[in-house]
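J.: Sequence:
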Amino acid sequence: MIVLRNSTGNQHVDSILRGLIRLYEMVFPERIRGYYLLGSYMDASAGAMSDIDLYIVFKQGFLNLDEEKKADDLREASALLSPIRLDILLLSEEQLQPEDVRIKVASRLMYGEDIRDKLPLPTQEAYHRYITQWPLTFFRRIHQREVLHFPLHYPQPDGPFYGYTTITIPPWYPPFI
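Sequence positions in the sequence shown follow this note's numbering and run 1 to 177.
Think of the hints as simulated: they come from the structure by calculation, not from any bench.
Remember, predicted model here, so these are calculated numbers, not experimental data.
Even glycine gets a Cβ: it sits at the ideal position worked out from N, Cα and C.
Check before you lean on any hint, since a few could be wrong.
[As the list claims (entries may be wrong)] Across the chosen pairs, the derived CB separations fall in these ranges:
no.: 1; residue 1: Leu-23; residue 2: Tyr-162; range: 36 to 46 Å
no.: 2; residue 1: Gly-19; residue 2: Arg-140; range: 30 to 40 Å
no.: 3; residue 1: Glu-113; residue 2: Phe-150; range: 43 to 53 Å
no.: 4; residue 1: Arg-22; residue 2: Thr-123; range: 33 to 43 Å
no.: 5; residue 1: Glu-68; residue 2: Gly-19; range: 30 to 40 Å
Required output: the full structure, derived from the provided sequences and hints.
T.: Laid out in structure tokens, this is it:
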């Protein structure tokens, strides 16, 4: 039985998390370091359209590409089963970047070993470089381009908010109900 180290305060969400963790623990025994909740269910600000933001951190590195693919396949299958939209990020400890401070300063451990105190904080310069890349990532996603050519034009010049309300969701993800 999976016992969460923390509760979201929502029994339904806690039950989904226990089920997800149990599945990952069955498929990847002794391979996952910890499960970290972020976002609105972590800070009790969830609304009707909120998703469950969960980081699953594998010990050291992925053993091979097959293990990483299997984890990704399980993520996709879990999304199809969950009544609440899931946003699961799969990482190995080797892939953790000090510049991405979300696990260290903006998460809650739900299950497993807590490594947050072992994660270093980045230098201010490194963090600034990292965080200033996020708008470019957003614009590439909205404009559906790998390379941006400036000046940028609105994604939908005649649309409401000029197209900046577009939500990009992987094609395999079930639609909102």
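J.: Each hint needs a verdict: does it hold in this structure or not?
T.: How the hints compare with the structure:
1. Between Leu-23 and Tyr-162 the beta carbon distance is about 41 Å. The supplied range of 36 to 46 Å therefore holds.
2. Distance hint check for Gly-19 and Arg-140: the Cβ-Cβ separation is about 34 Å, which falls inside the suggested range of 30 to 40 Å.
3. Between Glu-113 and Phe-150 the beta carbons are some 45 Å apart, a value that agrees with the proposed interval 43 to 53 Å.
4. Checking the proposed 33 to 43 Å range against Arg-22 and Thr-123 shows it holds: the Cβ atoms sit about 39 Å from each other.
5. The given range of 30 to 40 Å is broken by Glu-68 and Gly-19, whose C-beta atoms sit roughly 22 Å from each other.
Checked against the numbered hints given earlier, the structure breaks only hint 5 and satisfies all the rest.
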